[in-house]
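Based on these hints, arrange chains B and C on the given structure of chain A.
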Amino acid sequence: MANDTIFNANDQRPELEPVGYETGSLTGVFQELVFTVDHKKLGLMYIGSALLFFVVAGLLASLMRIQLAIPGNTFLPPDVFNQSFTMHGTTMVFLVGMPMAFGFANYLVPLMIGARDMAFPRLNAFGFWVFFFSGFLLYFSYIGAPGLYAAGSAPDVGWFAYSPLTSSAFSRGHSTDYWTLSLMLGGIGSVATAINILVTVFCLRCPGMTLGKLPVFVWCMLVMAFLVILAVPCLSACQIMITLDRYLGAKFFDTQAGGDAVLWQHFFWIFGHPEVYILIMPAFAITSEIIPVFSRKPIFGYPVMVAAVISIAFISLGVWAHHMFCVGMVSLANAFFVTSTLLVAIPTGIKIFNWLATMHGGKLRFELPLIFCIAFLFQFLIAGLTGVMLAVAPFDWQLSDSYFVVAHFHYILIGGLLFTIFAGIYYWYPKALGKMPHFKLGLYHFAFFTIGFHLTFLPQHFLGFLGMPRRIYTYQAERGWDEWNLISTIGVAFQAVGIVFFVANLIYSFRRGKKAGDDPWDAWSLEWTTTSPPPEYNFATLPVVKSRRPLWDAKHPDDPDWKHE
Amino acid sequence: MNAAPAPSSADWKLPSPRKLGIISLIVAESALFTIFVVAYLFYINKSLSGPLPKDVLEFPLLSSLALFSSSATIFIAEKFLRVGKRAGFLLWWGLTIALGLYFLYCTGREWSHLIVEKDLTICTNVFGTTFYSLVGLHAFHVIVGVLLLAGIWISSLHNALLTGHVEHVESISYYWHFVDCIWIIVLTVVYVLSVQATP
Amino acid sequence: MNNEPRNPHKVEIPQPTGWPIISAFGLTLGFAGLVTNLAITIIGVGVCIAGLVGWFLDVFPRPKHIHVPVSEPPGPQRSARSIEYLKIGERGHRMRLPVEVPPLMAGVKGGIAGAIVMAALACLWGHLKYNSIWFPVNLLSAAAVSSLAEAGASSLSQFNTTGLVVAIISHGAISIMIGLLYITLLPMLPANFQWFWGGIMTPLIWSGFLFATIRFVDPTLAQHVDWPWFIGCQIAFGMVCGYIVFKEGKVETMQSLSLAARLGIEAPEKNQ
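Chains as they are written, first to last, in the numbering used here: chain A, 1 to 565; chain B, 1 to 199; chain C, 1 to 272.
Source of the hints: derived by calculation from the structure; they are not laboratory data. Being a predicted model, the structure only gives us computed values, none of them experimental. Glycine is no exception: its CB is placed at the ideal position from the N, C-alpha and C atoms. Keep in mind that the hints are not guaranteed to be accurate.
Said to hold, decoys possible - Some but not every residue of chain C turned toward chain A, in silico, with C-beta under 8 Å: (1) ILE13; (2) PRO16; (3) GLY18; (4) ALA24; (5) VAL53; (6) GLY54; (7) GLN77; (8) SER79; (9) ILE83; (10) ALA212; (11) PHE216; (12) ASP218.
The following block holds chain A by itself, in its conformation from the complex:
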């Protein structure tokens, strides 16, 4: 071999000029969206599509509530009802909750750590499109699954698809396959995005941004990414197993051949419980940014907050079987999972107290983001307390799979997560779009949605105590359930009005909103140092960070934070 050097010295790189899009026209916008690898556009696309799926899943929920408004209703046939709750749950978890988290992480993490983009921008685009298409595949089941002989339907096995319901004997046609395959596909995208977030946080921080100076938001997203990397492959493994069962006749969950249906529950919840914490992490992240800024105080107990998030993540890996107290595990297992579940209350309690301590003595500004965050604190507290109740096995034996459980996790996912998502959207709306959200419209949104939320879900606690099981499509009169169900359905109407105000606010503010300026809330983290909306390259010069509140340092050169930290 003439030349035994391995590296090609002829290392020229071509200079490429910006691709010219037709700006302003619809095709131009479309081109831009399809080809972009920019983390900000992808982040907004994540949030936008998550909102789209949110509306769809919300409509499904409204249909179910209409069906349950009065006893013996015939609004929805039972099979459609089953499809509705399955699609509602699956959509909310996989096509709303997780993409929403990814959207916020995508948009904000690089800005907050002073980076120009995510670590793998093309992988980022790939992750988004996989999620987006997987959503379409899931919803295509309404059209595609009935097939030639109308054997299938949209998935109707519940979002945790317990075996043996999913075996080909009980789920004819391709309905379950749509659920399995689209979520497996989405799982690939989720893991890709999570790896991207994790690597971005560790490898692209701007000079001075040590791990101890990361905003709590970034810490929460880091922990979320870590949980996704650990948990989602477990779900994919489960789904590979039922796909093998259904397509190749494998025996994983075939009890006739020695398979074990309870194993599915274990495997699913090994994924499913960390998933719950994946979903709530954005709530922690957003609240930890908003409360300090609108209380005019740095966050109380930064190291403890970070430690709490990390310990929540670790504990969450060992609590899965508290979803399964009713299957009859040995009492040692019950005791273990009760204890580990109760342990979660400690770091969670620490977080709530620290948020309160941040607000205590602060100069509160009751802008939209803070209002939603305060509602979050109350509702998340209630959700946490019912969670502690359900963690106790004997209590769970009474109320498992009742409406009490439904109320509990809706208080977490709506009262906890969704409220902070609203807060986050209002908080970063000026950054992303350069316009201030309209305060009055936002207030109406808050009022209607909060009233509607409590009207809908508070009575469901009582329904649970009165013995109403979840996932029933109708019920007889005179069981004491009638009034509560009716109130619950009326609440949905209020929530819908709230959502209308929300969407109206987004559109109105985009058209007519006041110009925001770079730093409308007088905040402290790096995303507010750049223009609104930020340029493609985020920062003209990469920032150098000396404290946890870099923008405070810049705005108060006479008394910067790093003198005190």
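Showing chains B and C alone in chain A's frame:
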């Protein structure tokens, strides 16, 4: 701490994105494998009908040796890469690919033997189900690994590698070592534990 | 990224590309074929491979970049607001911590002294009512000693060695713990009328708590207890314990110092 020194960008060191990325991928894959390994362990001796591991499995000595030694050859190839010797790199990297392919060949022969002669398919019993899915999942990873290795080998053959690509090569070798480590576990669980546990 | 010049005129950003969406679409078709028609899977895999190859050529040998001209925005403005610091103790300061607390030993001493006074009063009650100073001792230990729990009033009046040991241990332990609770609680109570809070209110709250729960903890005690005397004993304990804790004086806590100072790494800085 009164004076926080302004960090200059020169001494601001961060981990390499590619390596961390591949390590995260390995963590994710480990989670995937964990579930399948647990399923295999859980279903030992739960088959209602034969054949059982003891009846049909033979310890795959040669193919295991091939796969384990491929970890060594890839390590040597990397040494050549760091000093920039192309011929040595091509030779040892190529040897790694050959060992990987030999492993796949052995797996294929074992499977055809099991299916045709021993009448064990994925739907025969829970042993067949867990065996084929676990070993098949690992084989799938070997295939992906061999494709990645081949990609590097071909680029190097066309003299297209740049100095900046050392990290890419290293991260692919991480992946290959991971595939090897998984085989240690699969080998222990499938060919030792389950064979001995069969009554 | 690290060796970038401080003030670039142009910034490198990744070139927009369609290959990721093509790969994603191919992958989706690959999955979709399984529920529709295998032909779609084959097309999907083909599209996906084409996408991956295109992607590979995008990043190999060098990731394709475009350059974007940079306009330097005006940096963050110096805030118009000035900063004032709240002082410790000032209204609104979150550090409403006790700056000084009674020492730990004061709690132990107070607990023991209170315990002795309380025990003496209880024995006096036993002597007056049942003519036996062992009666209250046995009542207390009945929570743990089953033979005493089942005994009648006459045998409860007899001396019982186990009862005495158990009673001393439990009474002592609880008293010391409450003494320790006092040193934490007392500095946080309103500065005026400390004797009232520590000597009367706390024993009353504690008695109320016991009133509600004693049936489950020690049914024998609940059966024979004389509440006015009982509360009197509690108040005596509170008065004595509170007095001793108060008399012992206070030591400075380090709560207002920085973490490093508390760990002893740095010398504490005096607050101005």
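Need the list of violated hint numbers for this structure, in ascending order.
Result: hints 5, 6, 10, 11 and 12 break, sorted rising.
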